[in-house]
Amino acid sequence: MGIVTTHFSPETVMEIKRQYIVNEDSQRVAVQLDIHTFEKIENVLENYALVQLINTDDTETLSIEEAKKYYAGLDKA
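Numbers given in this note's numbering equal positions in the sequence shown, counted from 1, plus 2.
No lab work stands behind these hints: they were computed from the structure. Virtual Cβ for every residue (Gly too), placed ideally from N, Cα, C. Among the clues, some could well be false.
What the hints assert, rightly or not - Pairwise CB distance ranges (calculated):
#: 1; residue 1: 65; residue 2: 38; range: 44 to 50 Å
#: 2; residue 1: 58; residue 2: 38; range: 30 to 36 Å
#: 3; residue 1: 63; residue 2: 31; range: 48 to 54 Å
#: 4; residue 1: 72; residue 2: 17; range: 43 to 49 Å
#: 5; residue 1: 70; residue 2: 18; range: 47 to 53 Å
Take the sequences, apply the hints, and build the full model.
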């Protein structure tokens, strides 16, 4: 399993501008983000998930012969 170190600096921390949607009792019930902010958050989450997937140590290791058999059995698209 790998180790991922993340360093945050004031330049890399994103300011999230949000607007709240409130109900008739003025209670916050939802948050609205502009599309640019949403896309940046989505990108960060996807990258984080990819790093987590890469760092999992539950992958099966195949020998050369096993790999050749496996790939030969895949459907050709």
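For each hint, the structure was consulted:
no., hint, result
1, 65 to 38: 44 to 50 Å, "holds, 48 Å"
2, 58 to 38: 30 to 36 Å, "holds, 31 Å"
3, 63 to 31: 48 to 54 Å, "holds, 49 Å"
4, 72 to 17: 43 to 49 Å, "holds, 47 Å"
5, 70 to 18: 47 to 53 Å, "holds, 49 Å"
The structure shown violates none of the earlier numbered hints.
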